[in-house]
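Produce the entire structure from the sequences given, and follow the hints as far as they go.
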Amino acid sequence: MTGAVRLLLHSLKRSRTLVLTTGLLLAAFQVVLILVARSMYRSGAFAQLANMLPPFVRALFGPSLVSFMSFSGIVCVAYIEVAVIGALVAISIALATIPVSEIETGFIDLILSRPLARHWIVTRTIVVLALSVSVLVSMMMAGAWIGLETLAPRDAPWPSAKLIESLGLNLDLLAISWGGVAMALGSVSRRRRVPSGIAGLLALTAYLLDYTGRMWKPAESIAWLSPFRYYTPFDLVMGGPLPVKNLMVLAGIAATGFAAAYVLFSRRDISR
Amino acid sequence: MAAISIQGITKRFGSLAAVNNLRLEAAEGEILGFLGLNGAGKTTMIRILLDLLRPNSGRALLFGYDCQTQGLQARSNIGYLPGEMGVYSDLTGRELLDLLAGMNRKPIDKKLRRELQDRFELPDRDLRRRLREYSTGMKRKLGIIQAFQSDPALLILDEPTEGLDPLMQESFYQLLADVKSRGRTVFMSSHVLSEVGRVCDRIALLRKGALVLLSPVDECRKLAARSVRVSFSADAQLGREFPPGIEVVAASPRLWSLKVEGPLGPLLSFIAALPVRDLEVAEPRLEDAVLEYYREDAAGEEVSR
Numbered sequence: 001m002t003g004a005v006r007l008l009l010h011s012l013k014r015s016r017t018l019v020l021t022t023g024l025l026l027a028a029f030q031v032v033l034i035l036v037a038r039s040m041y042r043s044g045a046f047a048q049l050a051n052m053l054p055p056f057v058r059a060l061f062g063p064s065l066v067s068f069m070s071f072s073g074i075v076c077v078a079y080i081e082v083a084v085i086g087a088l089v090a091i092s093i094a095l096a097t098i099p100v101s102e103i104e105t106g107f108i109d110l111i112l113s114r115p116l117a118r119h120w121i122v123t124r125t126i127v128v129l130a131l132s133v134s135v136l137v138s139m140m141m142a143g144a145w146i147g148l149e150t151l152a153p154r155d156a157p158w159p160s161a162k163l164i165e166s167l168g169l170n171l172d173l174l175a176i177s178w179g180g181v182a183m184a185l186g187s188v189s190r191r192r193r194v195p196s197g198i199a200g201l202l203a204l205t206a207y208l209l210d211y212t213g214r215m216w217k218p219a220e221s222i223a224w225l226s227p228f229r230y231y232t233p234f235d236l237v238m239g240g241p242l243p244v245k246n247l248m249v250l251a252g253i254a255a256t257g258f259a260a261a262y263v264l265f266s267r268r269d270i271s272r
Numbered sequence: 001m002a003a004i005s006i007q008g009i010t011k012r013f014g015s016l017a018a019v020n021n022l023r024l025e026a027a028e029g030e031i032l033g034f035l036g037l038n039g040a041g042k043t044t045m046i047r048i049l050l051d052l053l054r055p056n057s058g059r060a061l062l063f064g065y066d067c068q069t070q071g072l073q074a075r076s077n078i079g080y081l082p083g084e085m086g087v088y089s090d091l092t093g094r095e096l097l098d099l100l101a102g103m104n105r106k107p108i109d110k111k112l113r114r115e116l117q118d119r120f121e122l123p124d125r126d127l128r129r130r131l132r133e134y135s136t137g138m139k140r141k142l143g144i145i146q147a148f149q150s151d152p153a154l155l156i157l158d159e160p161t162e163g164l165d166p167l168m169q170e171s172f173y174q175l176l177a178d179v180k181s182r183g184r185t186v187f188m189s190s191h192v193l194s195e196v197g198r199v200c201d202r203i204a205l206l207r208k209g210a211l212v213l214l215s216p217v218d219e220c221r222k223l224a225a226r227s228v229r230v231s232f233s234a235d236a237q238l239g240r241e242f243p244p245g246i247e248v249v250a251a252s253p254r255l256w257s258l259k260v261e262g263p264l265g266p267l268l269s270f271i272a273a274l275p276v277r278d279l280e281v282a283e284p285r286l287e288d289a290v291l292e293y294y295r296e297d298a299a300g301e302e303v304s305r
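Which chain is which? The protein sequence lines are A and B, in order.
Numbering follows our numbering, in which position 89 of the first sequence is assigned residue number 89; successive positions increment by one, without gaps.
Numbering follows our numbering, in which position 287 of the second sequence is assigned residue number 287; successive positions increment by one, without gaps.
Please keep in mind that the hints were generated in silico from the structure rather than gathered at the bench.
Take the hints with a grain of salt, since some may be wrong.
Stated by the list, open to error - Distance condition first, Cα-Cα at most 25 Å in a straight line; then the derived BS3-like pairs of lysine-lysine:
#1 Lys13/A x Lys139/B
#2 Lys259/B x Lys208/B
#3 Lys180/B x Lys106/B
#4 Lys13/A x Lys106/B
#5 Lys139/B x Lys111/B
#6 Lys110/B x Lys180/B
Since the model is a prediction, treat every value here as computed from it, not as a measurement.
So this is what it looks like as structure tokens:
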């Protein structure tokens, strides 16, 4: 086994508690949503709920909101829930800044004094980041599948497997794209809190920009700058096709961040 | 072939030259002490050898391999002990040793690790503990074991005995003697001059990033003035001027304390006619020679302020 593989396994082992704990919480959240959807379905509350929405709210959110006022929609609510999206983005940023944390602690001195190329530090981090985020989203999807199979009424309109997969893929790429941004920032930093803080603030700003862009026409002209613009769960729940273009934009952001990280990390001085 | 060859390395941080056109070689099988006051550029140079820092000019080679362009080959057979060892505190000692051992190209000899554990009194029980429970001294011992466990051809050690108690320091000196007898090369920075005088073959002294002294330890000792005490059986008069190179530290009619630079011949001629009862000559100490350089460095700092 090479040093690079050992380092990768070590890093995966270190992130497993965080990933598995968060993944279980996300899966449990899916199960809770299915219980809520079952209860509403049995009491016939969906139609009443849609009728109760004030007209201005309907106008603001459009027909997509009404799509979420269904059994299928409630099951998919996790994909628009800001806490879920925030948690995934935060974990992605945390994992992307592993190299700068190793610089800060000095652990990287011990690693790089061995015959290990610097690019392995970046490659290892990308693999850990992509795998961890994918495991988290997969656990969320698995939670939905288990919940539906065991708790959902058979006659209720379940979300299709394709819809869940599309939502999962879109969310996965959104989180990884923020990892790319954080990793590029971390490649020129000495302290972990700097790239984490900047990436976190950027994510919050981008989220608000996207949100404002959807509500307020003037902001729409610059909302394309926000990666969240390319995350479209509402369209998918309404039955839209897999947004390949959006996925490519998110993958492009991640790839650009990773490429910048390779270049910057290979040229930088490693010092605390 | 030199184990380490530093060829005109300069490293600047902004306008400050941390290492300035440094040229230095360490031969295979020698122990080279790398000295200097804090901020002299020792650790910077060590980090350049490990390709953690990139020089502005010049190049450094380890066993003929360029540290920057052939870093993997250059680092394929070295052991490194950082001045301050950064570790994940939730790892156990054994996990850290295994992880780092796995990153070396050559598999480690478990027997050697066991021997190192015994030498530094770090039993398996301690290796099973999390690093957050380790004391400074235990972390240092672990650092030494991780650096030596693959029996590398070159050891780069930054302040190796910092935090070790005197008994462990003794074990460390013995370890250095053993690795030297097996032909390994050691490049170590240290502030403990007595330790350097004891274990090193040569010293390289840095001042503000530049090499100001490169000398075998024995030669360097000779640069220091010797302390000489001359006692007399009857009162001796200080009638004449002392020859050059002799400084009077204290003088009474029956006892002179002197500092003598260079050979003792002129002093012996000077006192030949006096009623000398005894002559005590203390061996020159490396500390005295090196401290002179340090004082010049500090004086330079004062002037520049």
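Results of checking the hints against the structure:
1. Lys13/A x Lys139/B: Answer holds: Lys13/A to Lys139/B is near 23 Å, not above 25 Å.
2. Lys259/B x Lys208/B: Status violated; Cα separation ~29 Å.
3. Lys180/B x Lys106/B: 20 Å, holds
4. Lys13/A x Lys106/B: 24 Å, holds
5. Lys139/B x Lys111/B: 21 Å, holds
6. Lys110/B x Lys180/B: 20 Å, holds
Hint compliance for this structure: hint 2 alone is broken.
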